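Visitor: Listed below are the residues making up each chain.
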Amino acid sequence: DAGVIQSPRHEVTEMGQEVTLRCKPISGHDYLFWYRQTMMRGLELLIYFNNNVPIDDSGMPEDRFSAKMPNASFSTLKIQPSEPRDSAVYFCASSPGGGRSKTEAFFGQGTRLTVV
Amino acid sequence: TQLLEQSPQFLSIQEGENLTVYCNSSSVFSSLQWYRQEPGEGPVLLVTVVTGGEVKKLKRLTFQFGDARKDSSLHITAAQTGDTGLYLCAGGTSYGKLTFGQGTILTVHP
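For the record, the sequence lines run as chains L and P.
Residues in the first sequence are numbered consecutively from 1, following this note's numbering.
Residues in the second sequence are numbered consecutively from 1001, following this note's numbering.
The shape of chain L in the complex, shown without the other chains (with noise of 0.2 Å):
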């Protein structure tokens, strides 16, 4: 398995753009994370799915952020209108769930957002 894709690496935009962040977590695994990581805040759970369905979201950090799963294969979060401050690094994990020793998450490369 190539692991966790995250796609793109890079985005630059332009404060009040829409961006929209990919990712294709490891075939089988149940769970889906987004987190978001910065040097003042560490890495920060945004919202999770279970099997495609939401199951907190209590991390997102305004109804400027949304996050969707519509296949077993697939998610994406968005953020619109984009600000300064949500310049960070975004990483997407996925987890093979069923059980206390299979909570462990496997992570892609993430995307470093860079809002100006």
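I should point out that these hints are in silico values taken from the structure, not numbers from a laboratory.
Note that this is a predicted model, so its numbers are computed, not measured.
It is possible that some hints are incorrect.
The calculated lysine to aspartate or glutamate pairs, modelled on EDC-like cross-linking and capped at a C-alpha distance of 16 Å, are [claimed, not checked]: (1) K1097(P) / D30(L); (2) K78(L) / D63(L); (3) K1097(P) / D56(L).
Let chain L serve as the given structure and place chain P on it in line with the hints.
Guide: Relative to the frame of chain L, chain P by itself:
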């Protein structure tokens, strides 16, 4: 909200020294994981511990899960420059949620 606090935030040591990183929470977790992250990459899993009091060894790294399953430690013996990186602990729940600590930036000098 389940929070994990790691200490220290920064650690700068000489090659050959030993070190310990701590991960503490007021919440009980069903599993505790340690990850290592290098610049420009995502975190990579090092180990998972699931039983209170459990100790796991990975070469020079020793991981311990607290008896109450609320805390953990990572001990590195005879650190090497290749150990440099960001070390993250993460708590897992029975319903799949994974919460990370702030991380410890380790720098090992030759």
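Visitor: Quick one: which hint numbers does this structure break? Sort them smallest to largest.
Guide: none
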